[in-house]
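Hey, can you work out the whole structure from these sequences and the hints?
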Amino acid sequence: MIEVKGLVKHYGSKRAVANVSFTVNRGDILGFLGPNGAGKSTTMKMITGFISPTAGTALVNGHDVTRDPVAVKKQLGYLPESAPAYGEMTVEEFLAFIAEVRGFRARAEKTTRINRALDLTHLQSVRTQTIETLSKGYKQRVGFAQALLHDPAALILDEPTDGLDPNQKNEVRALIRSMAAEKAVVLSTHILEEVDALCTRVIIISQGKIDVDESPAALRARQPGARLDEIFRTLTSSDA
Amino acid sequence: MSQITPVLKREFLGYFRSPVAYVFLVVFLMASVGLAFFVGQFFRANQASLESFFVFHPWLFLFLIPAVGMRLWSEEKRSGTVELLFTLPLTTLDAVLGKFLAAWAFLAVAILLSFPMAITVGYLGDPDWGVIASGYLGSILMAGAYLGVCSLTSALTKNQVISFVLSVLACLVLVFLGWSVFNGALSAVLPVWAVDLIANFSFVTHFDAFTKGIIDPKDVVFFLSLTGLTLFLNVVALER
Numbered sequence: 014m015i016e017v018k019g020l021v022k023h024y025g026s027k028r029a030v031a032n033v034s035f036t037v038n039r040g041d042i043l044g045f046l047g048p049n050g051a052g053k054s055t056t057m058k059m060i061t062g063f064i065s066p067t068a069g070t071a072l073v074n075g076h077d078v079t080r081d082p083v084a085v086k087k088q089l090g091y092l093p094e095s096a097p098a099y100g101e102m103t104v105e106e107f108l109a110f111i112a113e114v115r116g117f118r119a120r121a122e123k124t125t126r127i128n129r130a131l132d133l134t135h136l137q138s139v140r141t142q143t144i145e146t147l148s149k150g151y152k153q154r155v156g157f158a159q160a161l162l163h164d165p166a167a168l169i170l171d172e173p174t175d176g177l178d179p180n181q182k183n184e185v186r187a188l189i190r191s192m193a194a195e196k197a198v199v200l201s202t203h204i205l206e207e208v209d210a211l212c213t214r215v216i217i218i219s220q221g222k223i224d225v226d227e228s229p230a231a232l233r234a235r236q237p238g239a240r241l242d243e244i245f246r247t248l249t250s251s252d253a
Numbered sequence: 124m125s126q127i128t129p130v131l132k133r134e135f136l137g138y139f140r141s142p143v144a145y146v147f148l149v150v151f152l153m154a155s156v157g158l159a160f161f162v163g164q165f166f167r168a169n170q171a172s173l174e175s176f177f178v179f180h181p182w183l184f185l186f187l188i189p190a191v192g193m194r195l196w197s198e199e200k201r202s203g204t205v206e207l208l209f210t211l212p213l214t215t216l217d218a219v220l221g222k223f224l225a226a227w228a229f230l231a232v233a234i235l236l237s238f239p240m241a242i243t244v245g246y247l248g249d250p251d252w253g254v255i256a257s258g259y260l261g262s263i264l265m266a267g268a269y270l271g272v273c274s275l276t277s278a279l280t281k282n283q284v285i286s287f288v289l290s291v292l293a294c295l296v297l298v299f300l301g302w303s304v305f306n307g308a309l310s311a312v313l314p315v316w317a318v319d320l321i322a323n324f325s326f327v328t329h330f331d332a333f334t335k336g337i338i339d340p341k342d343v344v345f346f347l348s349l350t351g352l353t354l355f356l357n358v359v360a361l362e363r
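Those sequence lines, one after another, are chains A and B. Counted the way the numbering used here counts, the first sequence spans residues 14 to 253. Counted the way the numbering used here counts, the second sequence spans residues 124 to 363.
Hints in this document: simulated from the structure, not taken from any laboratory. Incorrect hints may appear among the rest.
[Stated by the list, open to error] Straight-line C-alpha distance at most 27 angstroms; calculated BS3-like pairs for lysine-lysine:
#, chain 1, residue 1, chain 2, residue 2
1, A, K152, B, K341
2, A, K123, B, K132
3, B, K335, A, K152
4, B, K200, B, K132
5, A, K123, A, K149
If you want it as structure tokens, here you go:
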């Protein structure tokens with residue numbers, strides 16, 4: 014579903030991402046782990062076509078992001094870090110805009126899509142509020158609603174639970190899990206418990222390179238008895 | 124190209140979702156009409172024409188259009204919504220045109236809302252309606268060229284203040300090149316053809332004919348090509 018082939022990104026002389034490759038299939042929830050500045054967000058931004066790679070490419074459902082970015086963007090739902098949205102719009106207006114850009118112009122279909130997204134993310138109660146008046150948890154859900162609206166084949170979520178309270182985190186995780194069966198999901202996080210709770214596969218990225226690509230169970234088995242964050246620390250500090 | 128419509132609609136309505144639109148409309152109308160009455164001696168001239176109204180537009184636009192244009196891209200970059208916008212299935216050109224056309228339409232509304240001026244001269248005298256219409260046409264075309272410049276400078280920075288200052292400077296140069304006082308000073312040192320050539324790049328030179336009722340294709344082409352050029356550079360600046 015998502016095929017990442019040798020992605021490289023340089024910022025000037027600084028190498029943010031160095032030759033990252035992996036594949037995510039339908040039904041997979043891939044946890045993207047790494048210290049801050051490791052290249053997680055940069056990699057995700059390259060898959061979504063927001064920034065162009067220095068070398069390599071990503072394929073989503075067979076569409077090459079460097080050749081046909083619009084086709085890739087149609088297939089993807091993307092929740093950027095900190096869920097940006099147009100604050101002066103109401104939740105409803107904002108989703109209507111997304112629906113129109115996503116090609117749902119007919120009134121009936123637009124309404125169905127918006128209502129479905131609002132139901133999935135439990136936003137019905139705030140649908141007429143302007144986004145800037147919402148709390149962080151609600152804003153995050155608006156970002157989710159926006160990413161889910163067109164029922165995409167693949168979801169890219171950049172720190173979907175960042176800044177949420179424990180209940181909201183659980184809710185978001187449940188939401189991701191409920192959708193995972195028919196989608197390919199890539200999510201970045203630096204909360205290790207999340208990987209355990211959610212992911213079917215873990216990639217640890219450090220200094221732009223993939224250090225680990227395996228199942229959470231295999232990661233655990235590296236140091237039996239150790240906590241995940243201890244394993245993480247050993248893996249990411251060894252090459253620092 | 125069909126993707127322009129949702130962006131255009133969102134942007135245009137966006138002006139009215141915040142106080143920006145109302146503040147701008149009131150200030151623009153008070154300033155433009157005030158200048159015509161108090162500086163342009165609208166009544167004392169005792170002519171049924173809007174020349175004393177239109178003649179101030181290049182100067183007024185110098186400050187007011189950067190105020191509209193500065194937020195076009197700077198705001199998106201600052202709030203992070205640019206990442207949302209460019210991961211939706213649309214091209215950079217769609218986004219640039221949608222935003223530009225929305226802002227241009229808004230400016231056209233502002234300019235056309237001065238219609239009571241036209242009604243006043245129509246009531247008091249017997250104006251040449253063709254001249255008034257060409258004045259409005261010229262003013263709207265010129266507003267588009269100003270806006271193109273401002274949209275471009277806005278795409279270069281995420282700081283709205285820098286964007287505003289750059290826009291004013293760029294527009295100031297484009298006005299000054301054709302200002303009679305400046306040209307008078309220039310002709311003391313340069314041959315006439317050189318002064319004419321320089322003046323040819325000015326808003327004022329090309330706008331003057333419109334206020335006198337002359338719609339010269341070369342003036343129309345000047346404004347449209349300046350708009351086109353700045354929008355092209357705008358796309359380049361965003362894709363960089």
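Structure-based check of each hint:
Distance check on the hinted pair: K152/A and K341/B sit about 50 angstroms apart at the alpha-carbon level, beyond 27 angstroms; violated. Annotation: proposed proximity of K123/A to K132/B holds, straight-line Cα distance about 16 angstroms (limit 27 angstroms). Restraint check for K335/B and K152/A: the C-alpha separation of about 54 angstroms exceeds 27 angstroms, so the hint is violated. Using a Cα cut-off of 27 angstroms, the hinted pair K200/B and K132/B holds, with the two alpha carbons roughly 20 angstroms apart.
Proximity of K123/A to K149/A is assessed by CA-CA distance (about 26 angstroms); at most 27 angstroms being required, the pair is judged to hold.
Of the numbered hints given earlier, the model fails hints 1, 3; all others are met.
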